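Here the protein sequences come in this chain order: P and H. When the letters of the first sequence are read in order and numbered with this note's numbering, they come out as residues 8 to 190. When the letters of the second sequence are read in order and numbered with this note's numbering, they come out as residues 134 to 509.
Hints are computed from structural coordinates only; laboratory data are not their basis. Where hints are given, some of them may not hold.
As the list claims (entries may be wrong) - If you only want the chain H side, here are some residues facing chain P, beta carbon under 7 Å, derived: (1) Lys-137; (2) Met-311; (3) Arg-312; (4) Ala-313; (5) Trp-326; (6) Lys-330; (7) Pro-334; (8) Ser-422; (9) Met-424; (10) Arg-425; (11) Glu-428.
As the list claims (entries may be wrong) - Over the 12 Å line for every Cβ pair with chain P, so calculated as not near, a few chain H residues: (12) Ser-139; (13) Phe-141; (14) Ile-187; (15) Glu-306; (16) Asp-353; (17) Gln-381; (18) Glu-410; (19) Lys-436; (20) Glu-478; (21) Thr-481; (22) Glu-501.
Please read these numbers as outputs of a predicted model, since none were measured by experiment. We put the beta carbon where it would ideally sit given N, CA and C, even for glycine.
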Amino acid sequence: MIERYEIRFAGSGGQGIITAGIILGEAAAIYDEKFAVQTQSYGPEARGGASKSEVIIADVPISYPKATHPDLLVALNQESFDKYSKDVKEGGIVIVDSDYVKVPEEVEKKFKIYHIPIIETARNEIGKIFVVNIIFLGAVQEITGIVSHDGLEKAILNRVPKGTEELNMKAYEAGIRLAKEVK
Amino acid sequence: MKVKESKFISGNEAVAYGAITAGCRFFAGYPISPSSEIAENMSYLLPKYGGKFIQMEDEIASIGAAIGASIAGKKSMTATSGPGFSLKQENLGFACMAEIPLVVVDVMRGGPSTGAPTSPAQADILQSRWGTHGDHPIIVIAPTMVQEIFFEVIRAFNLAERFRNPVVLLIDEINGHMRAKVDIVDESEVEIWHRPKPENPVGWKTPYKRNEELVPLMPDFGDGARFNITGLDHSETGFPTGDPKVRQQLHYYLRDKIEKNKDKMIKSEYLNTEDAEIMVIAYGSTARSAMRAVEVLRSEGVKVGLFRPITLYPVPEKEIFEVCENVKKIVVPEMNLGQYVLEVERITKGKIPISKVNRTDGEPITPEQIIEAIKD
């Protein structure tokens, strides 16, 4: 039984950080029938400012809806990693973009860190930068199993714009594959 | 209760869905963070249900339009945040005085002035009670959970209609933007109230003649009665009056309509209060931090409870008095510099030490802060 599993996604505005949180929360709450709440914080800018999204997943009702000591952090840039990695639970999972985040050696030992070329894969393999969030959701599913594969797939398909379903499914599978490679 | 659909939606979206179930068929608004999703969702939903959505030129015109639609018989709503709530105060007072049913949602953000548009706050509490001038009647509701927002919006409409009074629904950037699973139900699954009207409105000449709950039996415009509505002191006919007796009686009616019916308006939640030696009093999204604090400390054997007023005004005076009667300390966390705590101080008359936990830096009050105050 999961009493409380805290997740934080961080990057910059426009990377789909908040959407990723919504999709993961929906997968947990609607398709996997767990309890989930999703919150966010963002700057007043439309793009480029710091963006953060949090999801709490549990098998019991959730009181405090914010993450204080995340079990899982996904950081897409150095600033987010530096700012939020210190909050992560000891031994917690950290997924970083391998091209944009450098992890100091002493930090590497504290957590289970997975280096994945998320942005590069979106740009070159899938060919669309906007699938960054779906790629890391695939990796999150594969590494943590906190939501089911099918539940997450349904939530992605429910939330992405019409006409992009195939592209996003490719991104989802790419994320799962990349996670398997570093697991 | 038959669930029509379960959706993973935000508090703001839950406001829109709740309003539709309540029977709201008119919305006028002007976008402002962090409330804009309410207007956005009403703009999709209302046309599907035969309702009307209008984006007006500003916040003042929005509440004006909503009042007009309500006078014409539609359940109406407007939504905004702090700066817009300030602008709406004059017309809010008009709706209190003219006794026009209306729901005004304020999704609180940092203030004063433009403050912090994307950060949460609970600093419009006293404004929601006393923002417009004069001794006016008002009902204020502050739900916590996203599912609860859905049902409290319905209750807000019911109270607005039943008592022909504006109801302010206070949420904030946290529970307005927080997403969770919400079970959406149809109106057949919930209690729905409609405004009191005269049995035969045609030719009705006394729109402020009152029923046993002191609520005016007013026809809607278009029902076949010709009558006057004014913000001036008025008699039963709705026309202005200078008669001191009539004017005094009107003000008593406005006060007593709330005071004598407050048990029908007050709603609160009690968590571990029975044997509590320390009482936390928290509302809105801060109550979730308080719930966590109580959970953690109860597991350590600390006798702490949480009283959560869902209706902030009329103030649950009897309830607060009783729940605090046997405690040694009260803790009141709020995302302002100490507003609702003034009511708690008034009710407990300084007999019990009160510890305030306040924060206005745009960050939520954490469970740890409340735990610290409880243990202190």
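Consistency of the hints with the structure:
no.	hint	verdict
1	Lys-137	violated (14 Å)
2	Met-311	holds (5 Å)
3	Arg-312	holds (4 Å)
4	Ala-313	holds (5 Å)
5	Trp-326	violated (30 Å)
6	Lys-330	violated (41 Å)
7	Pro-334	violated (46 Å)
8	Ser-422	holds (5 Å)
9	Met-424	holds (4 Å)
10	Arg-425	holds (4 Å)
11	Glu-428	holds (6 Å)
12	Ser-139	violated (6 Å)
13	Phe-141	violated (4 Å)
14	Ile-187	holds (25 Å)
15	Glu-306	violated (9 Å)
16	Asp-353	holds (40 Å)
17	Gln-381	holds (48 Å)
18	Glu-410	holds (21 Å)
19	Lys-436	holds (18 Å)
20	Glu-478	holds (27 Å)
21	Thr-481	holds (26 Å)
22	Glu-501	violated (8 Å)
Violation of the numbered hints given earlier is confined to hints 1, 5, 6, 7, 12, 13, 15, 22; the remaining hints are satisfied by the structure.
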